[in-house]
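Novice: Protein chains in written order, with this note's numbering: chain A, 1 to 246; chain B, 1 to 298.
No lab work stands behind these hints, which were simulated from the structure alone.
Idealized CB from N, CA, C, for every residue including glycine.
Among the hints, erroneous ones may be present.
As the list claims (entries may be wrong) - Here are a few chain A residues that face chain B, going by a calculated C-beta distance under 10 Å: (1) R6; (2) R11; (3) E73; (4) E77; (5) Q213.
As the list claims (entries may be wrong) - According to the in silico footprint, chain A covers these stretches of chain B (three or more CB under 8 Å from chain A): (6) 99-112; (7) 173-183; (8) 238-251.
Said to hold, decoys possible - Listed below are several chain A residues computed to face chain B (Cβ distance under 8 Å; list not exhaustive): (9) N15; (10) S42; (11) S80; (12) W82; (13) R84; (14) V88; (15) T89; (16) P90; (17) L91; (18) H123; (19) T126; (20) L167; (21) F171.
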Amino acid sequence: MITFARFEIVRTLRNAKFLGFLLAMPVGLYLVLAGVEAGDPSSGDPQAVYLLLMIMMAVYAAIGSAMYATGPELAQERASGWIRQLLVTPLSFPSWMIAKVVQSLVLTLPGTVAVCVVAAVVHGVTMPFSHWALLVVAVVLGSIPFGLLGQIIGQFFNNQAASAAQLFVLFGLSFLGGVLLPTQALPATVQQIGRFTPTYHLVQLAEEVVLGQPVHWIHALAIAVSAVVIGGVVLTLWRRDGATGN
Amino acid sequence: MTADAIVFRDVVKRFGDVTALNRTDFAVAKGEVLAMLGPNGAGKSTAVDLLLGLRKPDEGTISVLGTDPAKAVSQGRVSAMLQRGSLPAGARVAEIVDLSRRLYGSVRSLDEVLGLAGLDGIAKRRADALSGGQAQRVRFGMALAGKPELLFLDEPTVALDVEARQHFWRSVQKVAAEGTTVVFATHYLDEADENADRIVVLNSGVVVADGPPSTIKAVATVRVVRCVLDEPDLNDLQGLPGVVSVEVHGQEVALRCDDADSTVAEMYARYGKLRDIQVSGAGLEDALLALTSSGDAR
């Protein structure tokens with residue numbers, strides 16, 4: 001499993017285009033939104049706005065990168081037969097699944113750190129070092145259910161359908177959970193629904209950590225539960241379809 | 001328990017309305033090199049999938065190295081080169097082979113595997129920038145990277161040129177000499193003839209022949225003689241030397257012969273004038289028909 005995780009990490013980190021893609025979206029989105037919000041006097045203290053946007057985009061970077069570790073990439077590797085070739089070696093499916101989660105954790109780092117660095121350098125966002133560290137740790141670990149979600153998409157959908165499904169799920173969950181717009185800015189019903197998404201709990205957890213507020217462990221618990229449930233679906237799909245599933 | 005590497009007993013596998021394997025039955029002894037020969041769609045790849053535990057049979061029993069196929073695979077006792085399969089983006093050739101080698105518990109050195117698979121010159125190349133033949137050799141390397149007791153090769157030489165093909169079969173012989181049981185699927189009779197100890201011929205999911213290459217080859221060198229006769233007589237035609245089976249449609253006659261020369265000579269002697277005579281080498285498909293209909297008038 002460790003051998004395979006290392007193999008996957010090395011080959012994805014070598015893929016500059018892919019990494020650029022993981023970085024460009026959240027950093028670009030942060031800069032655009034920061035520009036828009038800062039120019040709007042009704043938004044209040046610009047520094048508070050930058051901080052909030054940084055948290056939201058750090059979460060977006062982590063969950064997006066985690067999902068793209070598999071997602072359409074997995075659908076393609078399944079169609080090309082690579083996954084079959086892999087699974088006729090002694091590598092078991094559960095080991096494969098865990099290795100892909102480990103890979104997704106590593107992939108979340110560049111985007112998350114880049115958003116923090118850009119916010120600090122461009123807009124002078126500051127906080128104690130321990131808060132930065134906690135933010136990155138919380139967001140990276142909190143991306144685990146999303147890494148598993150990418151596995152479902154890659155396993156359930158074929159090629160182009162996987163790309164579409166991935167975008168739909170990523171943006172849907174981001175919108176509902178207050179990653180793209182602050183939760184308070186959403187209509188009441190959407191806010192209610194949003195509370196059932198792991199994205200909501202990840203944003204709340206990240207805010208508490210950054211602002212030094214007492215952490216509500218219910219958020220961490222909700223993320224953990226969603227990871228277990230989604231992981232269960234991945235295993236069930238596997239048992240049903242096997243390595244062939246297309 | 002058993003000396004058989006594979007027992008494939010009365011196996012049925014259906015995909016919707018299509019029956020890919022229909023009471024398919026064969027066994028492979030330990031250390032044997034077996035060719036599964038048959039035209040496309042005969043059920044070869046389905047059989048390989050079942051033997052690797054990638055699919056489950058609808059009926060029948062399959063045992064691989066005395067256990068369940070999936071278990072034999074997870075124990076690292078089996079390896080396979082599947083028919084299709086592109087290599088992952090971003091990885092280098094040596095990394096892919098090394099991954100497989102480590103998954104099988106590092107029983108061979110990386111250099112040994114690269115040599116066996118003929119990958120010495122391209123070890124550092126990115127796997128997503130290889131030619132079809134090179135990629136096929138990488139997949140061969142993955143299959144050889146352990147020291148499996150049983151090696152499956154599904155249409156292994158399709159994209160290889162002559163030289164690569166020769167190197168490929170030399171490596172397979174080396175591995176077989178180590179005691180590995182080898183099962184390969186092919187639709188080339190010559191390849192099966194030259195490299196296998198035994199050939200199992202599959203057609204429409206049924207084993208139509210099972211024997212040493214010499215026997216299979218003799219049957220498969222059947223020729224078809226066609227001509228037009230004024231009054232063809234079925235019994236008379238069946239009595240001709242070298243005739244395996246006879247088909248008559250009106251005045252048109254088609255004879256499957258294992259010795260076409262004597263058949264034609266006797267026909268000239270007996271009937272004198274033959275119209276529109278034509279002798280053609282029967283392809284594998286015709287040979288398969290000869291095998292299934294051997295001796296029957298049709």
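Novice: All hints, please: hold or fail.
Specialist: Against the structure, the hints come out as follows:
no.: 1; hint: R6; in the structure: holds (9 Å)
no.: 2; hint: R11; in the structure: holds (4 Å)
no.: 3; hint: E73; in the structure: holds (8 Å)
no.: 4; hint: E77; in the structure: holds (6 Å)
no.: 5; hint: Q213; in the structure: violated (41 Å)
no.: 6; hint: 99-112; in the structure: holds (count 6)
no.: 7; hint: 173-183; in the structure: violated (count 0)
no.: 8; hint: 238-251; in the structure: violated (count 0)
no.: 9; hint: N15; in the structure: holds (4 Å)
no.: 10; hint: S42; in the structure: violated (47 Å)
no.: 11; hint: S80; in the structure: holds (4 Å)
no.: 12; hint: W82; in the structure: holds (5 Å)
no.: 13; hint: R84; in the structure: holds (6 Å)
no.: 14; hint: V88; in the structure: holds (5 Å)
no.: 15; hint: T89; in the structure: holds (5 Å)
no.: 16; hint: P90; in the structure: holds (4 Å)
no.: 17; hint: L91; in the structure: holds (5 Å)
no.: 18; hint: H123; in the structure: violated (34 Å)
no.: 19; hint: T126; in the structure: violated (37 Å)
no.: 20; hint: L167; in the structure: violated (20 Å)
no.: 21; hint: F171; in the structure: violated (25 Å)
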